[in-house]
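Asks: Listed here are the chains, written in short residue letters.
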Amino acid sequence: MPVAVEFEHVDFSYLRGRPVLRDVELAVAAGEFVAVAGPNGGGKTTLLRLALGLERPAGGTVRLFGEPAHRFSNRPSLGYLAQRTHLGVQAPATVREVVAAGRAARRPFGRLRAEDRSAIDEAMERVGLEGLAGRPLTRLSGGQQQRAFIAKALAAEPRLLALDEPTTGVDVEAQEALAELLGRLHGELGVTILYVSHEFGAIEGVVQRLVLVRERIVFDGAPDALPALWHDPSHAHA
Amino acid sequence: MLDLEFMRLAFAAGAVVGLVAPVVGFFLVQRQMSLVGDGIGHVAFAGVAAGYLLGVSPVWTALAAAILGAVVIEWLRAYRRAAGDQALALVFYTGIAGGVVLISAAGALNANLFTYLFGSILTVTRRDLLTIVLLGSAALALVAVSLRALLAVSIDEEGARVAGLPVPVLNGVVSLLAALTVGISMRIVGILLIAALMVLPVIAAQRVAWSLRSAMGLSVAIGLASVLAGLTVSYYGNLPPGGSIVLTATGFFLAASVLELAHRRA
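Going down the list, the protein sequences come from chains A and B.
Take the first sequence: its position 65, counting from 1, is numbered 65 in our numbering, and each next residue is one higher.
Take the second sequence: its position 252, counting from 1, is numbered 252 in our numbering, and each next residue is one higher.
Looking at chain B on its own, in the form it has when it is part of the complex (with noise of 0.2 Å):
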């Protein structure tokens, strides 16, 4: 299987993806936000049909519009124009509906879309790949570096505020991040599963952590292998592979779920 290119480039980009999407989840999942990246990869949708309407690379379109996607929705959410599970439906609907009638005016309803849409172990290129790992990296490095301020605000947000942290900034940042998650994975998961790597790790880790950062740790290893071994499923099984992998994650919330219950029953 490594002994193709293409399949070493997708596992690359995959371990990037794998690594990067728990880790910003874990902060949308603390927030109650675990739908986000659902709305942003709906906004991203939007993306890749503006690209194809304008003839430049729907990876770049579709990250400006997940970019926007966030911006809106922290917007939306932080000034209280509208509750939060009212900002993700406005800010869904608009988008596939945006990108339905973008894609129909383009004339791009074709095979190649549902490799946006669904992820496609095929079309990772060298150029993509060095996207993703230089974005990925840098959501990591801003992770790292604003990590206390983001846990602090996760823990109490109006003790936060009283303190003196740029609240407003670092919910921002985590927006940003769920935006810049959605435009490096959509190649390997797709646009409309990539929410569900960001949230199912995290979810499952949580059952059988026992701290704060024993959670985070669990959920970039369990996002880590569902990605890896949903590829390789994909790869014999002849199968998408955002859909490969997201089922090997429900299986890891499966797992954590019964060994929480074998812990208490214990």
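Same shape as in the complex, but just chain A (with noise of 0.2 Å):
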């Protein structure tokens, strides 16, 4: 199976002798549904950043789909959930507005082709919100507006979808909707997702692979062959 996102001894810091990863080695499969954990500081959004490109590794390589992440060629086929997703805008953008902006990178100038309107509608579908289009975005529940960058997301047809802490500042019922979804949209879609975030008890059950961060790769494997002492207390759900 074609290799996604490739960490071949991987070295990164944003200031000199105090590294954030040191030496990370990781192969995640094309269709791979993986969960990146770990504690605050411990380098995971940094990993998703060197993932995507936006970092440069100060030693060793990263490829996104056998292509250096830096200088990788189809970037409008991935999608993306900053952390704490919110609207750049003040103006009250509807949810159709936010998730057309998933297909900008796709069709930047010109007109919205029939294509791109029917995948805009196909993700709005998808994550359930096609009766609430036309709505704006702040007059949706926090989960709600999580779905939302999710069609967002999922509008551009990417072939790796990203997520950096996206259960920060949603309620549990909404994490555990989240999960469910991302494990729908995984069996559906076949896509290659790559989830970061500090607590993982509502994602463990629908994730493949579970890889704990802590500057090094400090395990990685299925999420029930994780040791009982490295679930997270915090979650009621564990």
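Worth flagging that the hints you see were computed from the coordinates, not collected in a lab.
Small disclaimer: the values here were computed from a predicted structure and weren't measured.
Honestly, I wouldn't trust all of these hints.
[As the list claims (entries may be wrong)] So the derived label-pair ranges between C-beta atoms look like this:
id	chain 1	residue 1	chain 2	residue 2	range
1	A	D121	B	L2	44 to 54 Å
2	B	G55	A	R117	24 to 34 Å
3	A	E25	B	H263	50 to 60 Å
Beta carbons: idealized from backbone N, C-alpha and C, even for Gly.
Could you fit the two chains together into a complex? Lean on the hints.
Replies: Below, the structure written as structure tokens:
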């Protein structure tokens, strides 16, 4: 199976002498659903940023679908949910307008074509927001807003869906709904998913693989192989 | 009023400014850079002063200075040489200080200077109108072509970067558009008040809008109405057009705030 994300002996630091990641070795196969967890400051968000080519390693190599991540040529095929997703605009953007923004990299200029509109409609349907397409995002619940941002990522018809701390600020029910949604999307679309979070209780049942990062990779395997001691004790559903 | 040639020219130029300023201001407000127009305006003042000193048309030197100011602000912001407001402060104060020194050196501290600072309906010539229409059309065409990409960057800049949109270029386009707007608006609204026409219609529209599309449409409608009503008041009241236009826009903002409050209570 082709490799979607590959780290080879990767080192990274923001400040000289203070390594964030050391000698990271990781290979994520295309179509895999991987959760990357670890303590705050453990380097998991940095790992995701390296995978997406937003940062360049100090040592080693990071490849995305076989190409150096920072020079990846098919960027419109990357779907990304940033930490603490929030609207960058103050004007009342509707769900459809936000989801359509996810299509902009595929068609930045000129009119949207039928295939673009169809991708936008399909993305909203997949997350169950088709009935709220015309509603301003600010009038939706936190969980619904999160689903709108996932639809925005899906509108790009991504090969890789990267989520950075998507459960920040949402309640336990919304976390479980998100896990169920991601599990379903993974099954339906076969998209590679990298899910970064400091808490993995809700997602544990749907991911195929769990990677724990604490400067280095300290665990890499199936969630049920994780030693009981390392389970996140803060999550009620662990 | 419209029997007079200078009023017809002022209204025609004002209509272009009323259309362009809120469209460009829409993206500045979304990026929380509402005061960028002000910073660029102050650099344009230095450009006007340089025009007087060099004996060339202050309109073109102001436009050149505005573009330079926009490039510097965006460069400082993009490469994190200074936080957004610090970059603005640096350009803002350097512009006004440079303008004062140059205008003094040119011996041009006179009433004519005030027409650039606060606008004048008497000073728009046919040639000015042609320049305003051409540059205004170019600005609107640029926005129309890159609208979806500009909105995507406004909605989620990091996501746009990951997806490969040319974010620094698009941010540069917004700054360039702001500079163009300052350049074409200074004859009507004046350098010191143009930023208000870029911002006030947008923040008024956002109070009552129901989507991005409606916010942009209402911004343009409010901007256009402010300019046309402000110019009329200016003519009959013998008042500076810049002040009349901006106070009219403030009135629209207050009305939109009342409407929003009433809607919330209903």
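Asks: For the range 24 to 34 Å, tell me whether the beta carbons of G55 (chain B) and R117 (chain A) fit it or not.
Replies: violated, 56 Å
Asks: Do D121 (chain A) and L2 (chain B) keep their Cβ atoms within the hinted range of 44 to 54 Å?
Replies: holds, 48 Å
Asks: With respect to the beta-carbon atoms only, verify the hint that E25 (chain A) and H263 (chain B) lie 50 to 60 Å apart.
Replies: At 57 Å between Cβs, range holds.
Hint check: a violation occurs at hint 2 only; the rest are consistent with the structure.
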